[in-house]
Structure formats: structure tokens, C-alpha cells
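**Student:** These protein sequence lines are chains X and Z, in that order. Our numbering puts the first residue of the first sequence at 1, with every later residue one more than the last. Our numbering puts the first residue of the second sequence at 1001, with every later residue one more than the last.
A portion of the hints provided could be inaccurate.
Every beta carbon over 10 angstroms from chain X, so not counted as near; a handful from chain Z, in silico [stated by the list, open to error]:
id	residue
1	ALA1009
2	ASP1134
3	ALA1349
4	HIS1368
The following residues of chain X were derived to be distant from chain Z, with all beta-carbon distances above 12 angstroms [what the hints assert, rightly or not]:
id	residue
5	ALA34
6	SER252
7	ILE302
8	PHE308
If you anchor each label on the Cβ, the simulated ranges turn out as follows [stated by the list, open to error]:
id	chain 1	residue 1	chain 2	residue 2	range
9	X	ALA316	Z	LYS1374	33 to 39 angstroms
10	Z	HIS1368	X	ALA111	55 to 61 angstroms
11	Z	SER1147	X	LEU134	21 to 27 angstroms
Rather than coming from a laboratory, the hints here were simulated on the basis of the structure. We treat Cβ as the ideally placed atom computed from N, Cα and C, and that holds for glycine.
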Amino acid sequence: MTVIRSHTVPATAPPPARSYHRTLSWIARFGTLAVLVLMVVGFSLASPDAFMSQRNLINVLNQGALLAIIAAGLTFVLVVGHFDLSFANVVSLSGILGVGLMQRSGWPIPAAIAATLILVCLIGLFNGFLVSYLRVSAIVATLATSTIVLGVNFWYSDGAPITAQAGVFTEIARGRILGIPTPIIIMVVILGLLWLLLNRTLTGHHTQAVGANPTASRLAGVRVGRVTVLAFVVGSLCAGIAGLLLAARIGSGQVTAGDGFLLSAFAAVFLGASVLRDGEFHILGTFVGVLIVTVMNNGLAILGAPSFVQYIFQGAILIAAVALSTTSRRILGMQRT
Amino acid sequence: MTTMTNHPAPLVQMRGMHKTYGAIQALRGVDIEFIPGEIHGLVGANGAGKSTLVRTLAGLEQPDGGTILIGGEPATIHDPGVAAELGFAFIHQELNLVSSFTGAQNIMLGNRAGAPTRLRRFTGVPPEARAVADRIGITFSLEQPVSTLTVHQQWLVSIARALVHDCRLLAMDEPTASLGAEEADKVLGVARDLAAQGVAVLLISHRLDEVTAACDRVTVFRDGAVSLAMGRDEISRHAIVEAIVGHNVVPGGRKNPVPPSHGAPVVLMARNIKRGRNLRNASFDLHQGELLGIAGLVGAGRTELARVVFGADRAEDGIMRLRGADYAPRSVHDAIASSIAYVPEERRAEALFLTMSVASNLHITTWHKLRAGKTPLTSVRKSRTAAQEMSKRLGIVLRGGGTEQPIGALSGGNQQKVVIGRWLAVNPDVLILDEPTRAVDIGARSDIYARIREIALQGTSVIVISSEFEELLECDRVIVLSSGTTVAELTGDKVTVNEMLRHCYA
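Modelling step: build the complete structure from the supplied sequences, incorporating the hints.
**Tutor:** Have a look at this one:
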């Protein structure tokens, strides 16, 4: 901080509104976290036995694990400065195709998983290619891809769920390691890897740079096209992994399986962008955003609220958190040029 | 502040203005007044407070303390709408024109007469637009999109838009920063005409020549306070410079007519480079360890030439040879692989990652060298050490914030050093600097040139492009571009501002 030379300040100088400023800067950085804490405290008071039980907290993490994986992948696409609307149908595709290859074509589980993940990476590659080499707007490109994927989903599944045989595959999502549900462990590993990729590798630094200023990135020798494509591939791959886990959890691949993730993943990532940083997307923030969305849905369900309430709350809390932090940041003049 | 009493009554008086952003005091008790019929120059280093003052006047910032009197009456400018009603117009450097609209359409955007739902003509040139265009001497067509106009013509359109409704005060932020001398004169001539018609004109500028020539009154800002206020008869360049930097700076004369690079081998040779309308037939030789200046007016093809050498654009014709081998970069990546680096003219748009840290801005070119051991991960410790070393080497002032603070918190000069440091870290054979002192305060300019000279002495060949011809006096040799063509090569005693100007206008 700069030291203000007090002798140059005239005696008539009004006292700067210190405490006001401090409050605002606290809200800007920690407001979203505070929302999470308040929510946890609120639900604990409202329903101490059901909500705060260890069982339920693990349940919350388990519920949130798939959303966290999807949202972390989406974070990459947003960090690089683009948008992805196709991931929800990719989640569905991954479940349908993975289970379909196992059940209908009799492929071994690892081969079916590998083939599915390769296909979803190709979808990401296609999205990235459209956006960075053909210069199609990301919203249009991924909306189109999403529609194509939806068509393929109906085609391959005939619109009916493809049931998975209970066994090794379903255990991936239903089993536990050291008492912890596997999806939580998979989530921690994937989020850890993505955090390292984004914050501690050449590729990650370049991804952030392209998002911050594509022109400057190009003039600094960053391969903007490749970095952009890679972000879309990461986003799709995460959706694909989550899709397989979801199919394993519910025991089938379904055309509508991924639909619910579209809004909640965006909500989580945007909530996360207001955590600790100035409206930038980052993995840790996304995880906090996922917790907010999941805790809220879980808490409302425990309190017996009908499901439409979850949607209303999710939208409202997203507006409140993001508006609060951006407004306080604007008043602080942090974005002053 | 002023002792003169024979002037017309001030339009605006600002008394004891205070403004604090967090820990930074942007204004500390500023007293100033703006008088109809005068051009009032506001000068000072970046962050000295002049922009904040103007933003306050525009209703974009609310002061923490102080009073504003308009025509003697206390007033509060809540928002830009109030400023517009008062007849205050502001033209910012970015101009805010709708680029796909015609000149006339842009001018009429400023016309608020009548109800919002009143039907308005949207084609051709309405009489109101024609009237203001004539008033400031616009002779070019107002019926083509402003994106096809030159920067100087866009400024005139912006001024016309300000004038289309009753304008009592016009503030212009760096109107001549990207203009050549002749075009700058035209814009300043318009400012003078407006002043003669009774408008109070505010001119924010880094170019002291035009400030001393054009202004009736000059106020110098330093550290959020007025460090010097001068009436017409007292204006002197020397006093202004002294008030800006707080100590004496000797204007750079030519120190070393026989450059250290004299007789060194040619590193980069370019012949008859052509691209588009602006770059027609440019040629130059660049010697090892040389500081080569490229002079020219805006639109002379200087930046276009640099971008071709850097692989950002492709030459349509001509040849380049680098270290004796053919050189035809197909991408920026090729150029960097060939050890050529470029610091672009538009720092914010083309070089900085404003939301990112100083370290990240420095390391964008060198992350691959900052790995932790043999892992694919980058090392936090190496990144910090490298950033600190480069900051020390270039004299980047980080204050208390360290290398992890956002680059936006640094002054223009320090930001520029970060961009230069980014390339210094890869130790390029050729370093091209496009307007290295654009929006850099005067105190930091000579420092940047001292660093550039050091870089050249270490064997890097440096090309400097600048509109400030005085700064090119630092160079060993200067080539002059005019209309995209190399028209002169100045060496030794011939490297003078007059020679450069003569060839530019020849």
C-alpha cells in the first residue's frame, strides 16, 4: 500500500470513508463465501438433525461431485473467453453411448469408457475448431453442436433409457473407498488436476492470457487457436466423465440425463467468479459455487420445499451474489482505468 | 488562484476538490477554474489527478469533498446527464464513435433536441449536422461510415457531435496523441476557433509543444494537487516540465554522433516491403546492437512495417533477410522463433493482460523456462524470483504491491517496462518498440530510453518507432517513412528534428 504523506494533506481534507470502503471490499471478495456460510448456518438451525449430520454432508458432496466436474470443465471454456452450451447433451450422450456399447455391443467396460471419452473429446475439438478457426460465435457453434448431439442421442437410444447391468460399472459411482463415495474421490482428483493445469502449467497460463486479451496473447507468441481448442476439449471431456458417472449412478443412459446440469453448472461457475477474485473464473471459486447450489438444493429438499422452489432460489441467489459483488467492486472503483 | 481580474467571469470554479480511491488520494484539494474563451491546458504525469478532475466534471465520479460553482452558483453533477444539460462535452481518447454509422449519423447522436420519439432523418446530412461541420471546417464526406475516416477526421466528427447541441465547455483528452504534426495543428486550430466563439476548452495533453503553443492557461498536476498554474504570459516549457517531474530534466540533445554500432554487421535487411495502401515501398538495414529510429507521420506505414517484420501481417511484396538467410515469417510464432520481438503501440489493447498480475504479464513469453525441475508444472518460486530480477533490472517501481499485484495498478511507464521486460527475458536479436513512450509520463521517458540503450549495448538490435521526433535523437540512425515509402536515411549530424520533419513533409 502506498504511504500517504500526511503533511501534504491540507487540514481541511475530509476523512476518507475508511470503514465504508473496508466493508465494501470485504463484500467484493468474501460476499459469495459469506452467502455459503449463512446458508449452512441457516439450514443447520432450521433442521439441525437432518442437515448437519455427517451422513448428509457427505451426501451433499456426493450429489455435488458430478456438477463440480462439469462446472470445472466449463470454467476452462469461460476462462479462455468463450461459452459452451453443448455440455448438457454431451453428458447425456456419454451415458447413453457408454452403457450402449457395454450392453448392446458387448464391449468390455474399459473399452466402452475409452471410446466414449474419445468421442466427447472429438466433440470438444469440433467446437473449438468452429470457434477459433472458422470464427463462428461460440454460442451459435455450441448450440448447433448441442442440437446435433441431441439428435444422435435420440437416434442411438430410440428415446428410451438404456439400462446398465448392476456390477463393476455401476459400482464406479455407487461404491466407496475408505468409506468415501467414489464420485467424491474422482471429483477431488479431477478438480486438483484441473487446478494444476490452469494455474501451474504453460498451457494454463496461456489459457488465462487468451481470455484476458486475445490480441496481446497472439502478439506475445501464444498459439491462441490451439489454446482455445484445448479449453473446449477439457470442457467436453469433463462433461463426458460426469455423464458416465451419472449413468453408473442412476443405472442407465438417458436422453434427458444431462439437462438439469445446464443451468446449475453456469450458476455455479458465475457464482464462483465472484469468490475472492474480481469476476474472473477460477477452479476454486467454481467449487464454492457448486457447494452453494448443492447445499441450497439439499437444504430446501430437507425442509420439504417443492422442487420449483429450488429453481427460483437458484436464480435469485445467483443474481444476488453476482450483483452484490460487482456493485461493491464498481463503487470501490477497482475497475477504474 | 489567478490574479487576473480583467477576464470574463469563470464558467466553472472548482474549490478544494478531494477524491480518494481506497488508499490512493487522486485529488487533494484542487482549486481550478475554467473561463469562457480560453484554452486551458491540463498537464501532469499519469495518475497526477487531471483525468479524475475531468471525470468529476463529467459526472463520472463523485468528489469526496469540495464545491463546484457553475456560473457562480453551487452545483452538483450527479451523472453525465447533468453535465450534458450544463452544456459540458467530453471527448475521450477512445472517441466512442459508432464505427458503422456515417459521420452525419454520429454527429446527430449528440442532438437531444425534441422528444425522444420525434421522428428523425437518418440518411444524408441534416442541416444541423451541416451547420456544425461548416463551423469547424469539415470538408470530407459525412455520408461514409466513420470507420473509413482517418483518426484526425474522426476527432473532427467527435467535436462536431459535441457542438450539435449548445456547448459551453469542451474537454478533449489527448486529441493529438495519434495524429501527425499537421493534423494535430488542424485539431488545435478548431479548438482555438471554438475558444474564440466563447467556449471554455480543456486540453489534456502529454505534448508540451502544443500545450505551450495553443493554451491560454496551463495547470500542472502532481500527486493529486496543482503544482503550477500559469496564465498566458507566464507559460514556459521549462517551468511545466519542472512542475510535472518535480526536478529539472535536460531535454535530450544528441550525445553521441558516432554510434557504438558503427560498422557492425547487418542483422536484418528489408527491401521494398509492400502491404496494402499504407505500406508501399519500405526498406532498411538494421545493424547489430544498433538503435534505429523510424520517423514518420501517422499513416506513414511505420506500424504496418513493424507488423510485417514481426509476422503479424504478411508482406505482399519485397524481401527480408535475417542474419544472411531469407526471412519470411508466416506468423508471430515464426518471428519469435527467429528471435524477433515487438512491443506494440496500443499498450492496453495489444500488450497488457490488465486483469493479471505483473509476474504473469512478464512471463507470458517465458513460462516454458520457469518449470519446477523436470515436471511440466511451473514453479512459483522461480516465477517470483524471475519477476523480481526483471523488475530490478528495468527499474520497475512496484511500491508495496510486489510482482503479484495486478498490472493495472502500475503507472503507464512501469507497465511499458513490464512489456519490454517480457521480451528482454527471451533475449531477442531484434527488438521493435512501437511508440515506447505513448501515455508514459515525462519523468519516466528518459529512463525508458536509457534502458533501451542498455539493451542495445548488450547486442540486441533495436528499432524505435516514435511520433515524438525529439526522442529519436537518441537513435544511432533514423529512417524516415512517408506514405509507406522510405524517403530518407539520416546518420550522424543529420539526425535532427528539422531533418526528420523536412523529409516527412517533403
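**Student:** Looking back at the numbered hints, which does the structure fail to meet, lowest number first?
**Tutor:** 3, 4, 9, 10
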